[in-house]
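Protein sequence lines, in the order shown, are assigned to chains A and B.
Position 53, counted from 1, in the first sequence is what this note's numbering calls 53; the numbers after and before it change by one each time, with no gaps.
Position 17, counted from 1, in the second sequence is what this note's numbering calls 284; the numbers after and before it change by one each time, with no gaps.
Honestly, the hints are just simulated from the structure, not real lab data.
Mixed in with the good hints, there may be bad ones.
[Claimed, not checked] Listed next, with one range per pair, are the computed distances between beta-carbon atoms:
| hint | chain 1 | residue 1 | chain 2 | residue 2 | range |
| --- | --- | --- | --- | --- | --- |
| 1 | B | E502 | A | W174 | 55 to 63 Å |
| 2 | B | R272 | A | A29 | 41 to 49 Å |
| 3 | A | A29 | B | Y356 | 32 to 40 Å |
Using N, Cα and C, we set each Cβ at its ideal position, and we do this for glycine too.
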Amino acid sequence: MRANRVFAIVLRQLYLMRGSPARVLPLFAWVAIDIVLWGFISRYLNSVANATFDFVPALLGAVLLWDFFSRVMQGVTTTFLEDVWSRNFLNLFATPLKISEYVAGLVVSSTATSSIGLVVMLVLASAVFGLSFLSYGLLLIPFLLVLFLFGIALGIFASAVVLRLGPASEWFIWPMPALISPFAGVFYPVATLPAWMQGIAHVLPPSYVFEGMRAIVAGSEFSGASLFAGAALALLYIGLAYAFFARVHRHAVRTGLIARYAAETVN
Amino acid sequence: MSDARAAVLTVARLGKSYGATVAVDGISFVVGAGEIVGLLGPNGAGKTTTINMILGVLEPSSGAVAIEGIDVATRRSRALASANFAAVYAPLPGNLTVQQNLRFFARIYGVENAAQRIEELIAEFELARFRRTKCGLLSSGEQTRVGLAKAMLNRPHLLLLDEPTASLDPAKARDIRAEIRRIAKSGTGVLWTSHNMYEVTEVCDRVLFLSHGKILLEGDPKLLPAEHGKQSLEELFITVAREPLTLGLE
C-alpha cells in the first residue's frame with residue numbers, strides 16, 4: 001500500500017471542502033443541533049424527575065456517541081459518493097490505485113471529518129450542558145474506538161451497496177444508522193427489547209458501548225470483556241465489509257460497470 | 268510492430284463476451300516504444316472495450332494484456348504505473364480546479380517533482396489562465412486539454428488516447444498531434460483511436476482496422492489504401508466497415 005495514493009484521496013476531499021460551505025457545514029451543524037436539542041431535553045427531564053438520576057450523561061452522552069458513529073459512517077460514504085457524483089470511477093480505477101488504497105483513503109478522510117464533528121459536540125455538551133467526561137473516565141476512549149470501527153465497517157458496506165446497485169440506491173444508505181438504532185440500545189437497556197431484537201442487539205458492537213455507558217452512569221459493575229467483544233465484532237465487520245466491497249468491485253470490473261458507471265447503466 | 272522496437276504493450280488473443288455477444292474476438296497486437304498505432308473501426312467495433320481491458324477496468328473473457336511485460340490481470344497497479352490515458356468520454360472531475368485535478372492525479376501516479384511537472388504541463392497545454400477554474404466550467408475542448416495534461420503527468424511509456432482531438436478546433440488539434448508525435452519520439456508507445464482519417468494518416472505509424480471485434484487489416488496508413496485499391500484511408504475505412512467481404516477480409 002502506497003501512502004501517497006491514500007493521501008491523494010484525502011487531499012481530493014480537502015480540496016472539495018475548501019471554499020464549499022455546503023460540504024463543511026454538515027460536518028458540525030447537525031450534530032450541534034442534536035446536542036442543543038437533547039441537552040435541553042436532558043435538563044428538562046432532570047428538573048421533573050427523581051433528583052438521584054442524572055439524565056445528562058445518560059441521554060446527552062448517548063446522543064453524542066451515536067452522532068459520532070453516524071458521522072464516521074457518513075464520512076466514508078460521502079467521500080465515496082464524491083466519485084459517484086463526479087463520475088470519476090474510470091479516471092480513478094484506470095490508475096495504479098489499489099482497492100485497498102482507495103478504501104484506506106475513504107477511512108482516513110472519514111477520520112478527519114468525523115473528528116471535527118466530535119470536537120464540536122464535546123465542546124458544546126461540556127460547556128453549555130455541563131456534560132462531564134470524567135463520569136465515563138478513560139473508558140470514553142474505547143467507547144469511541146468501537147463506534148469508530150463499526151462506523152467504518154458500515155460506511156464501507158454502504159459504499160459497496162451503491163457501487164453494486166447504482167447511484168439511485170444512495171437514498172438507501174443514509175437511514176442505515178437509524179435502522180440500527182432501535183437494536184443498539186442507544187437510549188434504553190437492551191433488556192427492554194423483545195428476545196428476537198436482543199439477539200440482533202448482541203451482534204451489534206454499539207450495543208456493548210451503550211450498555212457499558214449506562215452501567216458507568218448508574219454506578220453499577222461494568223464488564224470490560226463485553227466491550228472487548230464489541231471491538232472484536234467491529235473489527236470482524238470491517239473485514240467482512242472490505243471483502244464485500246472488493247467482491248462488488250470485481251463484479252463491476254468483470255461486467256464493465258466501472259467504465260460506464262451511471263444510474264442508467266446499473267441494474 | 269514494424270521494426271525491432273521494444274514492446275510497451277502486448278495484447279495476446281484478447282477476447283470479451285457478454286453472454287452470446289462477442290465484443291472483442293481474440294485479437295493480438297503489439298505497440299512498440301516510440302510507435303503510434305491507430306486503432307480504427309466503426310462504432311461498436313470493440314475499440315473502447317479493448318482500451319478498457321488494457322486499462323484493467325474491464326476483465327477480459329480470454330487472453331492477456333501486458334504493459335512493458337507486466338501482466339495487467341495479476342499486477343495491475345505495477346503495470347499501470349507506466350501507462351496513462353485520455354478519453355473524450357472521461358472528463359476529469361468537474362468539481363476540482365485544473366490545478367487540483369493535476370495535483371490529485373500526480374499523487375496517484377507518484378510523480379516526482381510534481382509541482383514542477385504540473386507547471387510544465389500547464390504551460391505546454393496552454394492552461395495557465397484556467398489553473399484555478401473548476402474543470403466543469405471549461406469548454407469541452409479545454410477539458411480535453413486538461414485530460415491530455417493529466418495523461419502526460421507520469422511521462423507514460425504507454426499512452427492510450429481514445430479520440431483525443433474529437434472536441435478540439437483544427438488549430439488546437441494540430442498542436443496536440445504535434446505534441447503526441449514529439450512524445451512518441453521520446454520513446455512513448457501510443458495507441459490512438461480516431462474517426463478522423465486525415466489525422467490518423469498524419470500521425471500513426473501503423474493502423475489496425477477493427478470490425479465486429481476482430482482485426483481485419485493492419486499496416487502503414489499511407490500504403491494500405493493503395494494496397495487494397497482505394498484512393499484514401501477514409502474510403503478504405505468505409506469499405507471495411509460496410510463491405511469487408513469485397514476486400515476478402517472475412
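Now the hints, each set against the structure:
Range check, E502/B to W174/A: Cβ separation about 57 Å, and the 55 to 63 Å hint holds. Separation of R272/B from A29/A is about 59 Å and departs from the stated range, judged on CB atoms against 41 to 49 Å. Roughly 37 Å separates the CB atoms of A29/A and Y356/B, a value that falls within the hinted 32 to 40 Å.
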